[in-house]
Amino acid sequence: MKVTELPGDEDSGPTCRTYVFQNESHTLGNALKCIINRYEDVDFCGYTVPHPAENKMHFRIQSKETPALEILKRGFQDLEKVCEHTIDVFEKEVKEFNKM
Amino acid sequence: MPLKDEKPRLFLEEFRVKNAPNDYGMADEKWSFKKFTKKFRIVIVRMDNFEMEFDLIGIQPAFANAFRRLMLSEVPSMAIEKVMIRNNTSIIQDEVLAHRLGLIPLKADPRLFEYRPEDATAGTEFDTLEFTMKVKCTVNKSQPKDSYRAEDLYENHSVYSSQMKWQPMGNQASVHKEADIGPVHPDILVSKMRPGHELDLSLVAVKGIGKDHAKFSPVATASYRLLPEVTLTREVRGSEATLLQSCFAPGVIGIDSEGRAYVRDARYDTCSRNVYRYDEIKDAVVLSRVRDHFIFNVESVGALQPNVIFVEAVKILRDKCKSFLDELNKFN
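So the protein lines, in turn, are chains A and B. All residue numbers for the first sequence refer to UniProt numbering, where the first residue is 1 and numbers rise by one. All residue numbers for the second sequence refer to UniProt numbering, where the first residue is 1 and numbers rise by one.
Watch out, some of these pointers could steer you wrong.
[Claimed, not checked] 25 Å max Cα-Cα, derived DSS-like pairs, lysine-lysine:
| # | chain 1 | residue 1 | chain 2 | residue 2 |
| --- | --- | --- | --- | --- |
| 1 | A | Lys81 | A | Lys92 |
| 2 | A | Lys92 | A | Lys73 |
| 3 | B | Lys322 | A | Lys81 |
| 4 | B | Lys34 | A | Lys33 |
| 5 | B | Lys107 | A | Lys95 |
| 6 | B | Lys322 | A | Lys92 |
| 7 | B | Lys315 | A | Lys92 |
| 8 | B | Lys30 | B | Lys211 |
| 9 | B | Lys211 | B | Lys107 |
| 10 | A | Lys33 | B | Lys330 |
| 11 | B | Lys30 | A | Lys95 |
[As the list claims (entries may be wrong)] Beta-carbon label-pair distances, calculated as ranges:
| # | chain 1 | residue 1 | chain 2 | residue 2 | range |
| --- | --- | --- | --- | --- | --- |
| 12 | B | Asp119 | A | Phe97 | 49 to 57 Å |
| 13 | A | Pro50 | B | Asp119 | 23 to 31 Å |
| 14 | B | Thr132 | A | Phe97 | 20 to 28 Å |
| 15 | B | Gly259 | A | Glu84 | 48 to 56 Å |
| 16 | B | Asp212 | A | Glu5 | 27 to 35 Å |
| 17 | B | Glu235 | A | Pro50 | 24 to 32 Å |
| 18 | B | Arg260 | A | Pro50 | 57 to 65 Å |
| 19 | B | Val43 | A | Pro67 | 22 to 30 Å |
| 20 | B | Ala179 | A | Pro50 | 23 to 31 Å |
| 21 | A | Pro50 | B | Asp326 | 22 to 30 Å |
| 22 | B | Glu14 | A | Glu5 | 32 to 40 Å |
To be clear, the hints were calculated from the coordinates, so they are not data collected in a lab. What you are looking at is a predicted structure, and each value in this text was computed from that prediction instead of being measured. Just so it is clear, CB atoms sit at the ideal spot from N, CA and C, and this is done for glycine as well.
Just chain A, with the same shape it has in the complex (with noise of 0.2 Å):
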């Protein structure tokens, strides 16, 4: 298992959660983060890194309606969707820039 959920909210409704990942840190803490802070619904978007010798990330999604996971997961997508675009654009430049 490299996600799980910590406890504490359970009597919080489907809009809180608190999600646990091995071996993850601010590498996708941060850009995963940084999308679902902007999302319309978000009340609140955080993570952190509890301890340096830990190889886990905890990553906290408050919203307002949607359930957290449905956030989580939407997070997910645009974040691929935009490594799918980055990795188009730059490989479509790299021959632009060998055909030079």
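Please arrange chain B on chain A, whose structure you already have, making use of the hints.
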């Protein structure tokens, strides 16, 4: 001093760094993939097999930083991980020698190999490269008279990376060419010896990532900086123009035939705030950086081309997203 276009800027003033007054730090903008694709541009400035410079324009700092971090610590490469020492009578200690050998960059393409499983006791031809290094230092019998140079007195007194010999496992010899496997640089000094000293080693190289050990990092450096901009607000001429020119990196400020200073190319400015030391010209310039224009510099260690390293880094982030999505879809 507001500039006309819409670029978000950071102003480097004499005693502080200031955001543009209408700039709220790109943080309150709502996310839209369409908007991102519209703004996003890549420009390749310079590229060869070892080094490249390119611009990512219109991107969030979080993404730029993620790509940089991925290149440094998560793109795999091959490096010597284990050294079996059968004989080492040189003065360099076993563990120091093993460490030195580990840092030698290898040419092998990491994409053609797999990670060795954690519980594996022996390597296979798909995840391991084996080398041997057998060197013995002797007295040079045919030494010229009157020479006291070590090269003349002894044979094999310097051990170089080119002296490691690849030992193909299984089918490897038909899959890989010998020229694509060994060390990137043949002239890395491993050890110095004297007659009677001997090395008999077998080296095992595996695939790994920079997070585990820096020797697995495929880049020597991967860094970014923001595009600098220098704007002149009034005419500067004569001796003031020469003074202004000397405040910046060479090539940033030019002086035309009438002795007037103009901004030639601010891209390679060091962004030092030296101008502010001179009262007579400090009111003539505005120094700024464009906050969504990242100049990347990627220097490869030699196994992969820098453009391939960048694409690999972005692919790793994409695959991470994919695998997390799969896992989250199974949630609850």
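Q) Against which earlier hints does the structure fall short, listed by number upward? A) The structure conflicts with hints 2, 8, 11, 12, 14, 17, 19, 20, 22, although it agrees with all the remaining ones.
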